[in-house]
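J.: Read off the chains here:
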Amino acid sequence: KQEVTQIPAALSVPEGENLVLNCSFTDSAIYNLQWFRQDPGKGLTSLLLIQSSQREQTSGRLNASLDKSSGRSTLYIAASQPGDSATYLCAVKEDSGYSTLTFGKGTMLLVSP
Amino acid sequence: GAVVSQHPSWVICKSGTSVKIECRSLDFQATTMFWYRQFPKQSLMLMATSNEGSKATYEQGVEKDKFLINHASLTLSTLTVTSAHPEDSSFYICSGKGGWDTQYFGPGTRLTVL
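Keeping their order, the protein sequence lines are chains X and R. Going by my numbering, the residue at position 65 of the first sequence is 1166; the numbering climbs one at a time, nothing skipped. Going by my numbering, the residue at position 60 of the second sequence is 56; the numbering climbs one at a time, nothing skipped.
Heads up, a few of these hints could be off.
[Stated by the list, open to error] Straight-line Cα separation of at most 25 Å, SDA-like style, residue types lysine to any residue; simulated pairs:
1. K1102/X - Y54/R
2. K51/R - D97/R
3. K60/R - Q1103/X
4. K16/R - G57/R
The hints are simulated quantities; they were obtained by calculation from the structure and are not laboratory data.
So here's chain R without its partners, still in its complex pose (with noise of 0.2 Å):
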């Protein structure tokens, strides 16, 4: 089946720095990558679509410059959360949509701004 990174797994960072994280399909094309998040006991809440080569489409509440996604290939994109807070731990899940429309999701990384 088809398979989605994430790295890294877990991160810890000071309040006010930035993280990266990246979402790589090994081995499949994704033209459309998801970003979601999700907090204890609470369901995925999507963030943001995005489509290889273009701007990254933001859900409704999402802050479109706190989260940069970078899609440059079609097998990376990246969620970079930019002067984080600790209100911006969460667990942060990326999927890439294969085949049949079919999103196939990664491990997810683990966020604590300290």
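Chain X with its partners taken away, still in its complex shape (with noise of 0.2 Å):
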């Protein structure tokens, strides 16, 4: 059964930090990976979608990175702002084409101004 482990699971940073949340998935046969972002008491929000045979997505201050074979993907986010204050989850599609995400926990993170 495919487990999604995200660490750290809360991050607080100053204004303008670079940072790197962390993404780990046990079975490394999936098809697509996603970074949402969940503000609080609301739903998801898409961030990037990385397919199985990428290695990186990119948008604005945000990169995403996947090593399948290592199970490991990562979401930098560049000259953090207070805005980008949320919980960010990171979900895998299994490699079956049933069309369900596992999701890890989340990392709750804070930047202060």
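Take each chain as given, in its own frame, and dock them per the hints.
T.: If you want it as structure tokens, here you go:
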């Protein structure tokens, strides 16, 4: 059974810092991996999706990398801002064609001004 | 982008009552919709997968008689929590499967059972 782990569980940084969030998964046979943002009491916003054949994806200040063989992904946030404060969730889609996602517990990020 | 709405956004009910949550895909047709629940500081856990016009497929450990799912149209799925109890209090999120097998998530519904 696929398990997704995110480290750290919480992170607090001052504004302007570059930071890295980590995600690991136990079964490397994934179809894709996705990073989401969740604001308190809200739904999910998709940030980046990396297909299994890709190594990284970039969107603005965000860069996500994928090392499928080692079961790891990182989300890099450059020049963090207070508006980046949220919980970041990593989810993998199995390579079975079935569309379900397996989520990690998330990393709660707080960027202080 | 594809938009999914949920109604209500929050609900408080008494123990023993039933609550219905609606999930709508506003600008796309979702032949498949998913229901998740999320406890505080926990990950989203898939409850069930519903396909339009057929019975939902429930994940192990999810009581199908307690969490009734209906997917009567390509844009609407409903989750009814029957005889709700305090332990059912949670954040329920739905998603619809769009093009390229992408899931689009709703804003969630906070259920509190007193």
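J.: Taking the hints in turn, state whether each one holds.
T.: Here is how each hint holds up against the structure:
no.	hint	verdict
1	K1102/X - Y54/R	16 Å, holds
2	K51/R - D97/R	20 Å, holds
3	K60/R - Q1103/X	23 Å, holds
4	K16/R - G57/R	20 Å, holds
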